[in-house]
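Colleague: Residue numbers (our numbering), protein chains in the order written: chain A, 1 to 548; chain B, 1 to 548.
Since the hints were made in silico from the structure, they are not lab data. Each hint should be verified, as a subset may be incorrect.
No copy labels: a pair is met if it fits in one copy or bridges any two.
Claimed, not checked - Straight-line Cα separation of at most 25 Å, DSS-like style, residue types lysine-lysine; simulated pairs:
| hint | residue 1 | residue 2 |
| --- | --- | --- |
| 1 | Lys60 | Lys164 |
| 2 | Lys77 | Lys163 |
| 3 | Lys273 | Lys216 |
| 4 | Lys60 | Lys163 |
| 5 | Lys216 | Lys300 |
| 6 | Lys273 | Lys293 |
| 7 | Lys60 | Lys485 |
| 8 | Lys355 | Lys163 |
Number of protein chains: 2
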Amino acid sequence: MWLKDAPLIREDERADVNQESLDRIFTIPESNGATLARIEKAISSNLDGFLREHIVAEEKPMPEIEEEFSSVEITEKPFYVSAYTDFILKHLVAQSVHTSSPGFIGHMSSALPYFMLPMSKIITALNQNMVKVETSKAFTPMERQVLGMLHNLVYQRDDTFYKKWLHSPDHALGAFCSGGTIANITALWVARNNILGERAISRKGLHGAIQEAGIKGLVVLVSQRGHYSLLKAVDLLGLGRDNLITIPTDKHHKVDVSVMHDRAMELQDQGYKVLSVVGIAGATETGSVDPLKEIASLGKQLGCHFHVDAAWGGPTLFSEKYKGLLEGIDHADSVTIDAHKQFYVPMGAGMVLFKDPNAMRSVELHAEYIIRRGSRDLGQQSLEGSRPGMALLVHAGLNIIGQKGYEMLIDQGIEKAKYFAQIIEEHDDFELLVRPELNILGYRFAPKWVRECLQSTDNETANWINEKLDFINKNIQKAQRAEGKTFVSRTRIGFEKYNGSQLVYFRVILANPLTKQADLHRVLRHQLKFAGHEIARQILSEIKNRCG
Amino acid sequence: MWLKDAPLIREDERADVNQESLDRIFTIPESNGATLARIEKAISSNLDGFLREHIVAEEKPMPEIEEEFSSVEITEKPFYVSAYTDFILKHLVAQSVHTSSPGFIGHMSSALPYFMLPMSKIITALNQNMVKVETSKAFTPMERQVLGMLHNLVYQRDDTFYKKWLHSPDHALGAFCSGGTIANITALWVARNNILGERAISRKGLHGAIQEAGIKGLVVLVSQRGHYSLLKAVDLLGLGRDNLITIPTDKHHKVDVSVMHDRAMELQDQGYKVLSVVGIAGATETGSVDPLKEIASLGKQLGCHFHVDAAWGGPTLFSEKYKGLLEGIDHADSVTIDAHKQFYVPMGAGMVLFKDPNAMRSVELHAEYIIRRGSRDLGQQSLEGSRPGMALLVHAGLNIIGQKGYEMLIDQGIEKAKYFAQIIEEHDDFELLVRPELNILGYRFAPKWVRECLQSTDNETANWINEKLDFINKNIQKAQRAEGKTFVSRTRIGFEKYNGSQLVYFRVILANPLTKQADLHRVLRHQLKFAGHEIARQILSEIKNRCG
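Okay, chain A solo, but in the shape it has when bound:
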């Protein structure tokens, strides 16, 4: 039996499968009063209330949760929907993460606009398959329009351009995909096939094409803050992980373009070809934006592809006040933007845009029963095959929230981040480590006297102290997460201020419109509570002793 220790599923809640019961689950919806129907109603009428009621705050140890999901038997006698639903409520929903809670400011997911839920339901109910027009019909031009709107946001080409290319069967302004990782992979895939010549690379393979080109290999250059999906991309595409060249950043966590230039020259001298330079618009760990205009110039000089990973920061273009931060993005050959981040769409929606409507032809593929040549089938030029009509959610966002609405969301996030940075700076017990450029910032627990000691002491002691602080901060983050009332994430990068030492810090993302100033104060209060625990106090007194 698969449900060990799950007393709420009893033998009499198991069903016999017969023709009638099978027909029923395909045709007759549950009665209004049944568990699942009640959950649906609760979610529709008060989502936050539902989540607060059902998600337990305090974290259960993972091994205990695993115990509930440990049998691999597929039951012959299945469970009634209501019994199963009760189980899911108690063991899965209860132990999930309240990603939309205003005090959970460590995730890239936020609260969603209410209309995203019923719109998602329409997508599921219609169950279109975007791979070909025969299973998606009007969803095909709708998705193309969404890509066109985003293309317009980034590249601002004229009416003639969009009139010509938006619905052209053999061309694509981009691809909709399951997330930013697939988007980044697609961008570099297209770039690879274009740079080596589509025939060479796709027919002979990378090995043959590299031999033919007489080069040592292909390299991709990106800031050391580049997303890990780029590492996945160079591995998958056969370039090799070592050929993702990471470039150091300045103290604002922006890539140093002169170092990027020098490394590129060096690699070219060694016989490598630069496939792509990559700029980041909203680094995952720091929210920083690379100097895109400068990277664009470098790309032009090198004659290589220029990709911008704007998975996070792309929607900043909605803001009159802050879009200047992304200056130069319109020079990019390709741009990744995630919809399930700052477009406030549920998980599973990314996009890659290409400046040139012909770019994606280098990965084009046809088959007889599907994605026929000359058809409008979107599967001709996408990495994925069958996939859902998630683009409708972006379409809905663009039309219901609109430019003004997204602008307000972006502006408020950035201003909230500035406010939080300010209260951290004014606080005696915290140290601001990553000043927000967009709506992401980083800080750690480090009392003023410790920071003063760090500044006046020798290197060895400073490193020792920082290691102790790492330990304390890591534990504060873990304890805060376990308590389940507020949440920040944590990461670890090098800081110039401390001679490049890698420091653990709290990463905060302020994209949830429900997060108010009071929530930010609450986050700090909770952290101080855990910083006051016995072990932390003991370590602090060790530091005090050493600092003298």
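Let chain A serve as the given structure and place chain B on it in line with the hints.
Modeller: Relative to the frame of chain A, chain B by itself:
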């Protein structure tokens, strides 16, 4: 203005965006009487009724639909939810495809069990991100359990095996992904990195690793009925499209393993290394299952990876009666199974399973803020990054439909296909071209006298006739689709019976439990109606003249 010719959106249905309206869409659900809420209710209480009411049968020409989705402006003044919803109902839902209709037997998507909709809603409402435990908590072991259950279905290892590996942080029994294409790519990615040594391939790149191995290149061997995603995979992975070696099939559309063997030997002699032999369990165009056991032996002999693409046919393992068709699948090193096909889950759910829990370590990746080494984060070993908790739907299916329920669905589909094959064979006007092995079959309109003529005439005339029949069948399929009452898909492959000539035929997939025998008769009746149209009659009389 983006909504050209959409009189239902008037200026007074545009909203001002201000703090209040923005707050409202993030917190307050629509009133019960509002359009979107009414749609939700209609979908919940009678999905089929909703679809029948809102999807118009007759196809609108694509350029007209495109017209409605042609502006790339992002509106500054957005639309009220109700106005937008009206637009979507009228222009998108109305022009979508009724994929769950019992008379639509050309798609791989079917009607869904009713509980899939509210369960999908729970996934959207919780909006967990499977990439790391911090944003998915209990969803992580739940997904691992699903992969374990499927692993057990395919490989049937003992309790000790699953106890040891199911929840082991550094191991994976497979990966959940957005669909079969990503699953197939993942399988070959893992195989490539393992066969060349992870260090070599992922560090030096494919070029360096191939040089080091002293080989000419890597090849993948699969039947000519292999899915196009394999072509995508070899392109993406840098192997080159020419290095996907397609092997001819026998008259039952099963790969000829002796030819596969000979080609492999030949390629090895030429200096190539076989990366993988691939077997198909349920070919997309014919539903045929390759002799997996024989391919397994060949793989063993070659010392290469053995992948089975069971995206379609995998769930046949639920059937006591038919699981023998997949004999040998447990020898596969990796297996692709789609959940959004015969697990009756909505679009966006695929899986790849690996026999060896260590296999996926060759693509492992870590980062500081996420997917940390030793963590349980699923993102460590998956191609995709952020992704939704779709595994819950498979979990629900396995527990509510169960082994018995899926068995009934599989058996009924196959038996329905046999029944349909029989009435086609008994029919004077149709020719059965692909006899069903699973629940997929192929046939075309070809009156008895034409078939008799084809058999007695010379090759040249036969080819001429077959081209004429191609034309008629293509047009029948298009007309049937445009009418929107019933639907079959069409494809084109070579048939031994006609000296390998490529013939257009109707592809039928009988997975929808709502499809009854009467629907099958209706499909044929509609086709005969279109076969009676002027142009078809004219061509038939041309054939008659030539046949004499």
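Colleague: Each hint needs a verdict: does it hold in this structure or not?
Modeller: Tested hints:
Taking CA atoms no more than 25 Å apart as the test, Lys60 paired with Lys164 passes between copies only; the shortest distance there is 21 Å, against 56 Å inside one copy. Taking CA atoms no more than 25 Å apart as the test, Lys77 paired with Lys163 passes between copies only; the shortest distance there is 23 Å, against 57 Å inside one copy. When the C-alpha separation of Lys273 and Lys216 is checked against a cutoff of 25 Å, the pair qualifies both within a copy, at 8 Å, and between copies, at 22 Å. In the homo-oligomer, the alpha carbons of Lys60 and Lys163 lie at most 25 Å apart only across protomers (20 Å), although the nearest pairing inside one protomer, at 55 Å, exceeds that limit.
Proximity of Lys216 and Lys300 under a CA criterion of 25 Å is satisfied intra-copy only: 21 Å inside one chain copy versus 34 Å between copies. In this homomeric assembly, Lys273 and Lys293 come within 25 Å of each other (Cα to Cα) only inside a single copy, at 21 Å, whereas the closest approach across copies is 45 Å. With identical chains, the CA atoms of Lys60 and Lys485 are at most 25 Å apart within one copy only, with a shortest distance of 14 Å there and 53 Å across copies. With identical chains, the CA atoms of Lys355 and Lys163 are at most 25 Å apart within one copy only, with a shortest distance of 15 Å there and 51 Å across copies.
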